[in-house]
Amino acid sequence: MDPVELLLAVEEIKQLKYRYLRTLDLKCWDDFAEVFVPSATGDYGEGLSFGSRDELVDFMRASLGPRMLTLHQCHHPEIVVDGDRATGVWYLEDKVLMPDHRLVLEGAAFYEDRYVRTGEGWRIEHTGYRRTYEATVSMDDVPSYTLTIGKAYA
Amino acid sequence: MDPVELLLAVEEIKQLKYRYLRTLDLKCWDDFAEVFVPSATGDYGEGLSFGSRDELVDFMRASLGPRMLTLHQCHHPEIVVDGDRATGVWYLEDKVLMPDHRLVLEGAAFYEDRYVRTGEGWRIEHTGYRRTYEATVSMDDVPSYTLTIGKAYA
Amino acid sequence: MDPVELLLAVEEIKQLKYRYLRTLDLKCWDDFAEVFVPSATGDYGEGLSFGSRDELVDFMRASLGPRMLTLHQCHHPEIVVDGDRATGVWYLEDKVLMPDHRLVLEGAAFYEDRYVRTGEGWRIEHTGYRRTYEATVSMDDVPSYTLTIGKAYA
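Protein chains in written order, with the numbering used here: chain A, 19 to 172; chain B, 19 to 172; chain C, 19 to 172.
Quick caveat, the hints were computed from the structure, so don't treat them as lab data.
Be careful, since some hints might not be right.
Remember, identical chains collapse to one label, so a pair may be satisfied in a single copy or spanning two.
Stated by the list, open to error - Straight-line alpha carbon distances no greater than 25 Å define the calculated SDA-like cross-link-like pairs of lysine to any residue that follow:
hint, residue 1, residue 2
1, Lys32, Ser156
2, Lys32, Arg148
3, Lys45, Gly69
4, Lys113, Asp100
5, Lys113, Val134
6, Lys45, Val98
7, Lys45, Pro161
8, Lys113, Glu138
9, Lys113, Glu23
10, Lys45, Leu26
11, Lys113, Pro21
12, Lys113, Gly146
13, Lys45, Lys113
14, Lys32, Arg135
15, Lys45, Leu121
16, Lys32, Arg132
17, Lys45, Val22
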């Protein structure tokens, strides 16, 4: 593969992943759907798996309402491109703030994705991760905990 | 635009942003000033906006003394280059440790920057973000909280 | 240096660093050893320094058992390539969860690495960092703290 094409593909796949994460945390579900091919599958461990894009997107839309503040940041892209297919390993750090449940969750995981180049650019064909750790804390243990800003996308 | 020039511009703009964040957290204010053009503007939301580089730098220098430990890490660069201009979306995670106020602040935001290519390389023309969330906790709720190292740049 | 070769070298060095961090947190010590040249040195500050790859790897293997959950994520690569040598500045965020000691440590640091191109690709010749801050909290102050997942690599 031509090295310049390879570098461009790697950059495009990174931006695809960033769009997936940005639209997830901003709850822009229509834009979120567009990063996947319709047949995309997902597997977030602990039995949370999806057989199609629509299943995955509907679940996120239903689960992550305006009172669930999420942060999903992915690091350390190890992208391997093979023609119109690619794989990607990423290191996730995530937080979920659930003020209604007085709960903060944080964790980390390694993503293993598969990508495919379509007529409209690279898309996610499979996404999934395995956690290295996950922890929860009740806000009741830290009564001073104050969400000073969290309505940007409410 | 030639794809190699494009890739080089993207890499240079990323390094410019990293210099901005590194010199901010290390409080190297003279180096921090150099990442901006003199006419640069800034808008960090909640009314915190600046009409020039000097205004912005002077504010940071005055606000972030040695007893304010900050972490500003930016992720997910979505850089779009158009000749000698470029835009960048980034996903910030930040923390501010204020031992004198017994306070820890943490949050996240999406940056939207504008860059311009000058005779000395790419510079920031506008920087600003909108928060997705921000939370504070008093160290008094976690009396064991101990800053074991924090004087690297004191 | 040819700009395409430069961009490829930068991408390879990033992936080398990600492999170092991934194998560290997944405790894959044999793979971890392979990112270094045998003569590699390390200096993590506070007197924690190593004169060879084996010294460094043996220390990590002995110190980071299955009940020490670690997160090491590096950001903001500022890589400078000069032929078959390169330097890299990175911004680390790390956490260490020590359930047996009821302790959580978190901190940040700036890495300054040196890399060398060998017959098998880029390797780490020197790695080291200086912390900007480090803090510890006892889990006893937040009795609800629950490690819900943390055995992926146990």
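Hints versus structure:
1. Neither within a single protomer nor between protomers do Lys32 and Ser156 lie at most 25 Å apart by alpha-carbon distance, with minima of 34 Å and 37 Å respectively.
2. When the C-alpha separation of Lys32 and Arg148 is checked against a cutoff of 25 Å, the pair qualifies both within a copy, at 20 Å, and between copies, at 22 Å.
3. Taking CA atoms no more than 25 Å apart as the test, Lys45 paired with Gly69 passes inside one copy only; the shortest distance there is 21 Å, against 32 Å between copies.
4. For a Cα distance limit of 25 Å, the shortest separation of Lys113 from Asp100 qualifies neither inside one copy, at 33 Å, nor across copies, at 35 Å.
5. In this assembly of identical chains, Lys113 and Val134 lie within 25 Å of each other by CA distance neither inside one copy nor across copies; the values are 29 Å within and 34 Å between.
6. In the homo-oligomer, the alpha carbons of Lys45 and Val98 lie at most 25 Å apart only across protomers (23 Å), although the nearest pairing inside one protomer, at 29 Å, exceeds that limit.
7. Taking the shortest Cα distances, Lys45 and Pro161 never come within 25 Å of each other, neither inside one copy (28 Å) nor across copies (32 Å).
8. Taking the shortest alpha-carbon separations for Lys113 and Glu138, neither the intra-copy value of 32 Å nor the inter-copy value of 38 Å comes in at or below 25 Å.
9. Taking CA atoms no more than 25 Å apart as the test, Lys113 paired with Glu23 passes in neither setting, with 35 Å inside one copy and 37 Å between copies.
10. With identical chains, the CA atoms of Lys45 and Leu26 are never at most 25 Å apart, being 28 Å at best within one copy and 32 Å at best between copies.
11. Taking the closest pair of Cα atoms, Lys113 and Pro21 never come within 25 Å of each other, the shortest separation being 37 Å inside a single copy and 37 Å across copies.
12. Taking identical chains as interchangeable, the C-alpha atoms of Lys113 and Gly146 lie at most 25 Å apart whether they share a chain (17 Å) or sit on different chains (23 Å).
13. Proximity of Lys45 to Lys113 under the C-alpha cut-off of 25 Å is found in both arrangements, the shortest distances being 15 Å within a copy and 24 Å between copies.
14. Proximity of Lys32 and Arg135 under a CA criterion of 25 Å is satisfied in both settings, with 13 Å inside one chain copy and 24 Å between copies.
15. In this assembly of identical chains, Lys45 and Leu121 lie within 25 Å of each other by CA distance solely inside one copy; the values are 20 Å within and 30 Å between copies.
16. For the homomeric pair Lys32 and Arg132, the shortest alpha-carbon distances inside one copy (12 Å) and between copies (20 Å) are both at most 25 Å.
17. Within a single copy, Lys45 and Val22 get their C-alpha atoms no closer than 34 Å, and across copies no closer than 34 Å, so neither meets the 25 Å cut-off.
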